[in-house]
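Participant: Here are the chains, one letter per residue:
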Amino acid sequence: MASLVGSRVERKEDKRFLTGKGRYTSDINLANQTYAIFVRSPHARAQIKKLDISKAQKSSGVVSILTGSEIAEDKIGGLIAGWAIRSEDGTEMKCPANPPLAKDIVNFVGDPVAVVIAESLEEAKVAAEKVSVDYKVLKAVTSTADAMNGDTIHEGIDKNLCFDWLLGDRQKVKEAFEKADKVISIDIINNRLIPNAMEPRACLADYNSASEEITLYTTSQNPHLSRLIMSAFGNVSPEHKLRVVAPDVGGGFGSKINVYNEDIVCSWAAKKINRAIKWVAERSESFLTDIHGRDHVTHAELAVTNDGKFLGFKNETIANLGAYARVFGTVTPTYLFGPCATGVYEIPAAYSNVKAVFTNTAPVDAYRGAGRPEATYTIERLVEKASMELGIDKTELRMKNFPTAFPFKQTLVHTVDSGDYVAGMEKAKQMADYNGYEARRKESESKGKLRGIGVSSYFEACGIAPSAAVMSLGCGVGLWESAEVRFNPTGQVTVYTGSHSHGQSHQTTFAQIAADELGVPIENIDIVHGDTDKGTFGMGTYGSRSLTVGGIAIVNACKKIVEKGKRVTAKMLESSPDDVEFKDGEFIVAKSNKKKTIGEIAFACYLPGVRDEMKSPLPEGEEPGLKETAFFDPSNFSFPAGTHIAEVEIDPETGEVKLEKYTACDDFGRIINPMIVEGQVHGGLAQGIGQALYENAEYDETGQLMTGSYMDYTMPRADNFPEFNIGYTCTHATTNPLGVKGCGEAGAIAAPPTVMNAVIDALGGQEITMPATAEKVWKACKNLKKPNSKAA
Amino acid sequence: MRKVTLEINGKTVVKEVHDNTLLSSFLRDHLNLTGTHIGCDTSQCGACVVHVNGNSLKSCTALAADIDGSKVTTIEGLATNGKMHPMQEAFKKLHGLQCGFCTPGMVMSAVDLLQKNKKPSDTEIRDWLEGNICRCTGYQNIVAAVKEAATKM
Numbered sequence: 001m002a003s004l005v006g007s008r009v010e011r012k013e014d015k016r017f018l019t020g021k022g023r024y025t026s027d028i029n030l031a032n033q034t035y036a037i038f039v040r041s042p043h044a045r046a047q048i049k050k051l052d053i054s055k056a057q058k059s060s061g062v063v064s065i066l067t068g069s070e071i072a073e074d075k076i077g078g079l080i081a082g083w084a085i086r087s088e089d090g091t092e093m094k095c096p097a098n099p100p101l102a103k104d105i106v107n108f109v110g111d112p113v114a115v116v117i118a119e120s121l122e123e124a125k126v127a128a129e130k131v132s133v134d135y136k137v138l139k140a141v142t143s144t145a146d147a148m149n150g151d152t153i154h155e156g157i158d159k160n161l162c163f164d165w166l167l168g169d170r171q172k173v174k175e176a177f178e179k180a181d182k183v184i185s186i187d188i189i190n191n192r193l194i195p196n197a198m199e200p201r202a203c204l205a206d207y208n209s210a211s212e213e214i215t216l217y218t219t220s221q222n223p224h225l226s227r228l229i230m231s232a233f234g235n236v237s238p239e240h241k242l243r244v245v246a247p248d249v250g251g252g253f254g255s256k257i258n259v260y261n262e263d264i265v266c267s268w269a270a271k272k273i274n275r276a277i278k279w280v281a282e283r284s285e286s287f288l289t290d291i292h293g294r295d296h297v298t299h300a301e302l303a304v305t306n307d308g309k310f311l312g313f314k315n316e317t318i319a320n321l322g323a324y325a326r327v328f329g330t331v332t333p334t335y336l337f338g339p340c341a342t343g344v345y346e347i348p349a350a351y352s353n354v355k356a357v358f359t360n361t362a363p364v365d366a367y368r369g370a371g372r373p374e375a376t377y378t379i380e381r382l383v384e385k386a387s388m389e390l391g392i393d394k395t396e397l398r399m400k401n402f403p404t405a406f407p408f409k410q411t412l413v414h415t416v417d418s419g420d421y422v423a424g425m426e427k428a429k430q431m432a433d434y435n436g437y438e439a440r441r442k443e444s445e446s447k448g449k450l451r452g453i454g455v456s457s458y459f460e461a462c463g464i465a466p467s468a469a470v471m472s473l474g475c476g477v478g479l480w481e482s483a484e485v486r487f488n489p490t491g492q493v494t495v496y497t498g499s500h501s502h503g504q505s506h507q508t509t510f511a512q513i514a515a516d517e518l519g520v521p522i523e524n525i526d527i528v529h530g531d532t533d534k535g536t537f538g539m540g541t542y543g544s545r546s547l548t549v550g551g552i553a554i555v556n557a558c559k560k561i562v563e564k565g566k567r568v569t570a571k572m573l574e575s576s577p578d579d580v581e582f583k584d585g586e587f588i589v590a591k592s593n594k595k596k597t598i599g600e601i602a603f604a605c606y607l608p609g610v611r612d613e614m615k616s617p618l619p620e621g622e623e624p625g626l627k628e629t630a631f632f633d634p635s636n637f638s639f640p641a642g643t644h645i646a647e648v649e650i651d652p653e654t655g656e657v658k659l660e661k662y663t664a665c666d667d668f669g670r671i672i673n674p675m676i677v678e679g680q681v682h683g684g685l686a687q688g689i690g691q692a693l694y695e696n697a698e699y700d701e702t703g704q705l706m707t708g709s710y711m712d713y714t715m716p717r718a719d720n721f722p723e724f725n726i727g728y729t730c731t732h733a734t735t736n737p738l739g740v741k742g743c744g745e746a747g748a749i750a751a752p753p754t755v756m757n758a759v760i761d762a763l764g765g766q767e768i769t770m771p772a773t774a775e776k777v778w779k780a781c782k783n784l785k786k787p788n789s790k791a792a
Numbered sequence: 001m002r003k004v005t006l007e008i009n010g011k012t013v014v015k016e017v018h019d020n021t022l023l024s025s026f027l028r029d030h031l032n033l034t035g036t037h038i039g040c041d042t043s044q045c046g047a048c049v050v051h052v053n054g055n056s057l058k059s060c061t062a063l064a065a066d067i068d069g070s071k072v073t074t075i076e077g078l079a080t081n082g083k084m085h086p087m088q089e090a091f092k093k094l095h096g097l098q099c100g101f102c103t104p105g106m107v108m109s110a111v112d113l114l115q116k117n118k119k120p121s122d123t124e125i126r127d128w129l130e131g132n133i134c135r136c137t138g139y140q141n142i143v144a145a146v147k148e149a150a151t152k153m
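Quick mapping for you: the protein sequence lines, in order, are chains P and U.
Just so we're aligned: the first sequence equals residues 1 to 792 in our numbering.
Just so we're aligned: the second sequence equals residues 1 to 153 in our numbering.
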């Protein structure tokens, strides 16, 4: 049987999506459902002096109006930070309470204060307009850089500082800098982004008064984790009386990891009114209340020798958490960021210091790449600047500092098990025709255009993550994953995974893996995810963990099936399990022609006994049935890596930046389905290039979101991109049996510095902030001497 | 309220609608044709594109009452006798979709492009699809799928 792993298998999920039969949360309707509209704060920071619902209650069709007071009375818990980070001085981080409905104070525009539940959506909207809230507006804090100097947002949290975290050794860094020939320094902003999954968030909560169960359909990347949080912290319902279903979910990119206010409020309220409640975000609500990403202000320095060896690295960052710390809010700018900021280089001494601040803006949390794009932007902008200042070719300078052997003990935390960074660089250069660049630059110049080339090499720590490691760093849960493999008596297989697909193609890739492991045709394998009533508890999908953690759990459960199959075969064929081999779906007794197919074994396991021609005795003590569960806890992160090269052409008359060429050469370890990996790379690149050239979330000084619609927030569109040139090198991960590393975040991690390095190269080394809009670039072009102008 | 008569995916539908009911809501909420998606509130994202009298249209920009008497095709009506349209086949073959949310609008828009331009260039495809936002694919495989479909239609 040909192996499916490595093949371009077309997706099992596509037909339903292409024929309009996808089933997203907003497509689901229940009999007798009501509709929720949330009343939200129009102010970034204000006290609620009075909230009057009397008029709204009389409005047509209103079923119930609930506020922060009822939430407090019912002791419904708030939203939580999933990681407890300690400051350099050993003190615990300081986080405010985040009630699902604000009662006394609102902290960002969009913070909900009440929910209006009505018979129809229109009636809910009309009634919500009649809820009267008397606010005392307070001065908002919105600037990341100045947050520590602003008014105190949350009582008891001085300087709006959640924590002041350090990783690394300041003294060693000081000594390294003293030995340096040169210090390269840089001040950069990692611009705030809004994830913008195309499906707006939605939820539909239902209460069954007979079974006392709540069922919540919601747009979640991790339904089991959501149930745990809603139960253990939200106090909505005991866990066994709460079912969370995340059906088809239209993209997440991190924005659908969190349990949101609406999930808790609708679940709680559905029980209160004993009716189903549906809520679907309008896009403007998504802009205001989905978690945002990035938003760092960084000063970084690199100590170098004149011949280009890196000696030391400093990273001083202020990270904006927004109004509240959410599930991955505090780990994103610390352990997902700090360790990766030294990049793919051997740097003897380094530290990352991060001050995480609260502001009156939407909560900031994990967005595709989460911390690693910010880390890569820091080091790769710095290294590119070093190459300019040292006059050493940008690719040579990088290669000079790549690790020479693997495992590579990275400066701050990680031990990278495998990789070949030089091979990646060399292949990327060849794919991009790096050596032919000068001719292209001259051609651009002859047309009056400025051309620039940018490089970045990255690694990322993903496949999150070993439970013992993350829990020691402050994670509130372990980050293992589960799988359950069930054979039917007639031989088809259902695989239950705790991870969740919202575009990642698990129904296909996981089925490819199970098909190879079990020797069962892929059409006889179904992958089930997204429902806490189906399958075992799992941690969900983020941090490129589905394959590297969830996929390995599937492999391990399949291996248990095979082991049981060997025991049963041995009994049936009067052999020893040690003499039974399994290959291509058949259990074969060594040195004989005796064999059983896995289908026959499955059948036997469900019909154990001997009668007439039916002879399927199970070994003594063996349970009937064929179903195995595995929990996989990885021994290490996984470490995709690569080099990307971009070329831009700038029209100095307009400042318009045209991305002419983009080359990505990545090492993802073994690739399960090349077609799907290409799609993941393309999508990641689009988001990374979007950050560099187009996207920016902007608040004004009063805390109003200036970029709250697709009219104002520049989403990358089809005509913004060239055809990407992508390729791979391959070193297998040594820490999992498939040798896989994860591919979903690489594009978003590598692209921003790659593109910005090209823009800055074209601008003669002038610093410019992301996104490189035409206005900024045009202004920078004014500072350039005309390349062909004569000296005065 | 007013009565509208529409031919939707080949079937005549007669319904009472409010004057302000958007075609997108009419399809989803009145006819349960939930393949047409709503991704924004400013007519920017294109997830709701359907064909009205053969031309692509963002269904959030039309009132159901305004198109009384029209023929509407939604993503549910694109396949014939259970066989997917060449555009749908091409999207599947070349991985032109991931989460699937923008896909119905993207496919309906792309089909209209090929009605108007049988052999579009890459640039023409990218320009035409500028009104449809996809957050997953980076558009590359969508462009490839449209080119592939052009060879089959």
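Bear in mind the hints are in silico, worked out from the structure with no lab data behind them.
Among these hints, one or two may not hold up.
Distance windows between CB atoms, simulated [as the list claims (entries may be wrong)]:
id, chain 1, residue 1, chain 2, residue 2, range
1, U, Thr123, P, Arg23, 50 to 60 Å
2, P, Pro489, U, Thr5, 34 to 44 Å
3, U, His18, P, Asp134, 47 to 57 Å
4, P, Gln492, U, Gly82, 41 to 51 Å
5, P, Lys560, U, His18, 52 to 62 Å
6, P, Leu607, U, Asp122, 42 to 52 Å
7, P, Thr490, U, Glu130, 29 to 39 Å
8, U, Gln115, P, Lys49, 53 to 63 Å
9, U, Glu130, P, Glu698, 16 to 26 Å
Stretch by stretch, here's where chain P covers chain U in the computed footprint (C-beta under 8 Å, at least three residues) [claimed, not checked]:
id, region
10, 41-50
11, 71-84
12, 95-106
13, 116-130
14, 133-140
Quick caveat: nothing in here was measured; it's all calculated off a predicted structure.
Note that the Cβ used here is the ideal one computed from N, Cα and C, for glycine as well.
Participant: Confirm or reject each hint.
Facilitator: Verification of the supplied hints:
The beta-carbon spacing between Thr123 (chain U) and Arg23 (chain P), approximately 36 Å, falls outside the hinted interval of 50 to 60 Å. Taking 34 to 44 Å as the suggested C-beta distance range, the pair Pro489 (chain P) and Thr5 (chain U) does not conform, at roughly 52 Å. Restraint check, His18 (chain U) to Asp134 (chain P): a C-beta distance of roughly 34 Å breaks the suggested window 47 to 57 Å. For the pair Gln492 (chain P) and Gly82 (chain U), the supplied restraint of 41 to 51 Å is violated, since their beta-carbon distance comes to about 23 Å.
For the pair Lys560 (chain P) and His18 (chain U), the beta carbons lie near 58 Å from each other, so the given range of 52 to 62 Å is met. Restraint check, Leu607 (chain P) to Asp122 (chain U): a C-beta distance of roughly 58 Å breaks the suggested window 42 to 52 Å. For the hinted restraint 29 to 39 Å between Thr490 (chain P) and Glu130 (chain U), the CB-CB distance of approximately 50 Å leaves it violated. In this structure, Gln115 (chain U) and Lys49 (chain P) meet the distance hint of 53 to 63 Å, their C-beta atoms being roughly 59 Å apart.
For the hinted restraint 16 to 26 Å between Glu130 (chain U) and Glu698 (chain P), the CB-CB distance of approximately 23 Å keeps it satisfied. With 5 residues having a beta carbon nearer than 8 Å to a beta carbon of chain P, the region 41-50 of chain U meets the requirement of three or more and the stated coverage holds. Counting residues of the region 71-84 of chain U whose beta carbon lies closer than 8 Å to any beta carbon of chain P gives 6, which meets the minimum of three for the stated coverage. Evaluation of the coverage hint for the region 95-106 of chain U: fulfilled, as 9 residues show C-beta separations to chain P shorter than 8 Å, against a requirement of three.
Counting residues of the region 116-130 of chain U whose C-beta sits closer than 8 Å to any C-beta of chain P gives 7, which meets the bar of three, so the coverage hint holds. For a cut-off of 8 Å, the count of residues in the region 133-140 of chain U with a CB near a CB of chain P stands at 8, and the three-residue condition holds.
Consistency note: the structure conflicts with the earlier hints numbered 1, 2, 3, 4, 6, 7.
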